[in-house]
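**Q** Respectively, the protein sequence lines represent chains A and B. This note's numbering puts the first residue of the first sequence at 1, with every later residue one more than the last. This note's numbering puts the first residue of the second sequence at 542, with every later residue one more than the last.
Rather than coming from a laboratory, the hints here were simulated on the basis of the structure. Owing to the predicted nature of the structure, the values given are computational and were not obtained by experimental measurement. Please note that the accuracy of each hint is not assured.
Said to hold, decoys possible - Below, in silico cross-link-like pairs of lysine-lysine (PhoX-like), each with a Cα-Cα straight-line distance of 25 Å or less:
| hint | chain 1 | residue 1 | chain 2 | residue 2 |
| --- | --- | --- | --- | --- |
| 1 | A | K69 | B | K607 |
| 2 | B | K706 | A | K403 |
| 3 | A | K109 | B | K1045 |
| 4 | A | K478 | A | K504 |
| 5 | A | K109 | B | K706 |
Protein chains: 2
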Amino acid sequence: MAENQKESLALSIRAQEEKIKQLRTNNAETTDIDAEIASLKGLKQQLDALTGGKKKKAGKNAFTLKTAKGTKDHNDKEMAIREKVFSTITKVFKKHGAVTIDTPVFELKEILAGKYGEDSKLIYDLADQGGEECSLRYDLTVPFARFLAMNGKEYQNFKRYHIAKVYRRDQPAMTKGRMREFYQCDFDIAGTYDSMIADSEILKILTEALDNLEVGQYTIKINHRKILDGIFEVCGVPEEKIRPISSAVDKLDKLSWEDVKKEMTEEKGLPSDVADKIGEYVKLKGSRDLLEKLKADETLTKNASASKGLEDMTTLFDYLDIFDITHKMSLDMSLARGLDYYTGIIYEAVTEKSAPPAMAEGKKPKTKANSDELDESTVGVGSIAAGGRYDNLVGMFSGVNKKGQPNLQIPCVGVSIGVERVFSILMSKQKAEDIKSNETEVYVVSVGDGLLKERMEIANELWKNDIKASFMFKNKPKLDKQWNACEKDHIPLAVIIGRDELDKGEIRIKDMRSKDEGQGGGVTIQRNNMVQEIKDRLALM
Amino acid sequence: MAENQKESLALSIRAQEEKIKQLRTNNAETTDIDAEIASLKGLKQQLDALTGGKKKKAGKNAFTLKTAKGTKDHNDKEMAIREKVFSTITKVFKKHGAVTIDTPVFELKEILAGKYGEDSKLIYDLADQGGEECSLRYDLTVPFARFLAMNGKEYQNFKRYHIAKVYRRDQPAMTKGRMREFYQCDFDIAGTYDSMIADSEILKILTEALDNLEVGQYTIKINHRKILDGIFEVCGVPEEKIRPISSAVDKLDKLSWEDVKKEMTEEKGLPSDVADKIGEYVKLKGSRDLLEKLKADETLTKNASASKGLEDMTTLFDYLDIFDITHKMSLDMSLARGLDYYTGIIYEAVTEKSAPPAMAEGKKPKTKANSDELDESTVGVGSIAAGGRYDNLVGMFSGVNKKGQPNLQIPCVGVSIGVERVFSILMSKQKAEDIKSNETEVYVVSVGDGLLKERMEIANELWKNDIKASFMFKNKPKLDKQWNACEKDHIPLAVIIGRDELDKGEIRIKDMRSKDEGQGGGVTIQRNNMVQEIKDRLALM
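Only chain A is shown next, with the shape it has when bound in the complex:
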């Protein structure tokens, strides 16, 4: 039969080559020809697999066997940790009334265009194969805003979470260890509400998620765009320089004040005394005490923007007190956040473990090479979650009415948890071989004869009773191989059967974690009591 297949394939290959030749002669469309060539390649690969490629390719792969650059497979052990992280976070989100939605992995190119400033060049585009121009999503926030603009009339009060992959074609030189495909985990509250109530619940949710993930000690830095803008105004920053200066300030977690000041003055042309005034403010860190200090600063409170921001922050602190999370916050005037679209409070959670090595040693990192492989590009270096209020993004999608107002404006506040960093923290806590990636509770083992059908019968009875069971797919498996499989998969119980015992209506049950019993151990019970005995034992585990 193999010879028949080979001949048949060889014939198909000749026919396909003829077809391509004709398409070329007839000036067919390139995409059509390409498809036929792909088909031809496949036939040749099949033939190679069948013949062992002996005609020309012996000892060589026909192609590169790898995943695309910047992407990786996640094996069963890694997925077990991922699923634990996702379910922990999802549980918190659902406790706070969240629902989930799903958006496509690619969007029309124009939906994403111009939302990410100069990072737009990192967007992956789909090839032009006729039809619309599309791009892979860069984050989950822009698709969410697009969803709200399309469906928002039904979703004016909406708590939604979305855990999914996003795509960034980071430049090789910039991306040592940065993944091009990675998970984001977003929670957002959309709707027009009274001041700071939703904002405070987002912070509450963030603390619950981080506590339950057991990532260690963390601090949530908070600030308010309106306070920051007010500071820049009263210090004398010209209006057109507010965004660039704000993005310089945002680097204070990575650079020294001297370097940031240099960027402000030399690169961005700010007078030195103005930079110094800013320096006095952005060095400030504290809690409600700092808030009171700022409120006592008349220069600041006379500024409309700062005054509104300080009022918001006062309300926020009242709510944080009620939710008992004020002690986890640090009001930090140097926090500015990169994205342009924030309009209210902004925040960023940092853990001890999330600082890159150079920072922990108090050194200034020269390149991004210091960051670990699972560095999360949604949040700044060293941070494990970040977010803020963005009241105008939905309006950018909704179009405007005749009065020149957005057709639909839905204020939003949200947080993105840097799950890739959480994974890497949790993975580093344990050895891969100690992670149980399956949930199997019972392994059915035969002693002596193969007893395949008997093992199948027992497994079937266990499955019927919702007990997770496996057995070896061999007619006559060796005993030690069965024990090895059981141990490798960390299966807690074994049901052991032998011909003699079965004839007496008996089986043995062995607790695999009690080493002292040895491989011959276990207790003999009536076969009829098997399910109940196993359920009782599992209930105690």
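With chain A fixed as given, assemble chain B onto it according to the hints.
**A** This is chain B only, laid out in the frame that chain A set:
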């Protein structure tokens, strides 16, 4: 401040336009210029949003507000059904010892090339932005085989499931209602085992999944590629025509025998008497009785391929009897399955509800327009799951050694459940507004005064005790709006607070599903007993 922002944006736009002009003058790379243009577009959109676009675009969207063709958003109600389907299926998979892995959404183009025959033209390619050529995955099987070829030495005994999206750029004319992005749900067993043991467990898993999904009555058609190939051989089909004739037979679930015969003879040049002989075989359907009939057919049993297939099937039926699922199977000689890579048993589950309207009426569908929007392209029309054994696919990726053998050959057997079709069956069973997409258990309602801080305190106490609670984000919410929110979200319990009651240390709890109590109803209890009372009530629900 808005005026400042506008001016600042206008300045940035002018600067950006200048930058692009310079890049063009300097003949910069197109991708760089494109990125800057994208950035410029974004700035203009921001300005439009701020000014209401009144300068030129009043009343018009700046761009098309939609998802890309063939893709759609899934809202919270749809996601609630999806999550239920996924968790039901996942539970079954885990009961049978499965683990999950994750592969990237795009692969190197050459990994996918030529695996899908002429359907290769439906593969989405990423744009050439420098670097590797990549394509979106077309299914989950080829990436799984690639994973095994890369990591297989550690995964020679492997039950894995993978639920994820795949991408097919189906031609508009062919795709009425066919999605370009849709979920697949695959379960596969990889490894070298004794005959038909893993195969029978796959069929057991499929029956458990379909039973638990409550999709209604179903039948699993089974056949064996070796029996089919044997039939073609003994009927006198020339070797090079076996695949084309097999794919004609596969259409018997959609076309009449006359039409299939026409395809065999007129299109594919088979002599009429050969086609008639095939017709006698492929019309056969049955169970073990049919198997015995075929085994009594000496013409067939003398054929090596058919003989091996019949032996496999006999073993399989023994195991299906043990697993108590033989009655759900139909041995069906017309089942051929489209994909080339199957080498052993093949199967396809059909439900009453999965037949398209035209078939249900006994008519021959002329176009695919009859299929519903969530038609699943992994499986044939009318089928809800499908799969088979593919022993050579991994070897196609592993390359060959000096002896011309694949470096690694891992036999596999698997099934793909058509979850999109399952969703559409389940969604059609209920009204969207009856679906509870959140899990909130308690809504905290205030009567009279707003009592925001008091509501927050109560919500905080409930969260601390793992009770899922929400409240309205308003300082002074109206009572009827609170009831409406509670009802719309199908929240079963309300905690009602009022100033007088709080002063007495009391609150009210109301069961929202007991209509007779009216809005003023509920029982008054001590605030101290609130958590216990709620837990007791939830335990009874």
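**Q** All the hints need checking, so say for each whether the structure fits it.
**A** Hints versus structure:
no.: 1; hint: A:K69 - B:K607; verdict: 30 Å, violated
no.: 2; hint: B:K706 - A:K403; verdict: 42 Å, violated
no.: 3; hint: A:K109 - B:K1045; verdict: 60 Å, violated
no.: 4; hint: A:K478 - A:K504; verdict: 23 Å, holds
no.: 5; hint: A:K109 - B:K706; verdict: 20 Å, holds
Against the hints set out earlier in the document, violations occur for numbers 1, 2 and 3.
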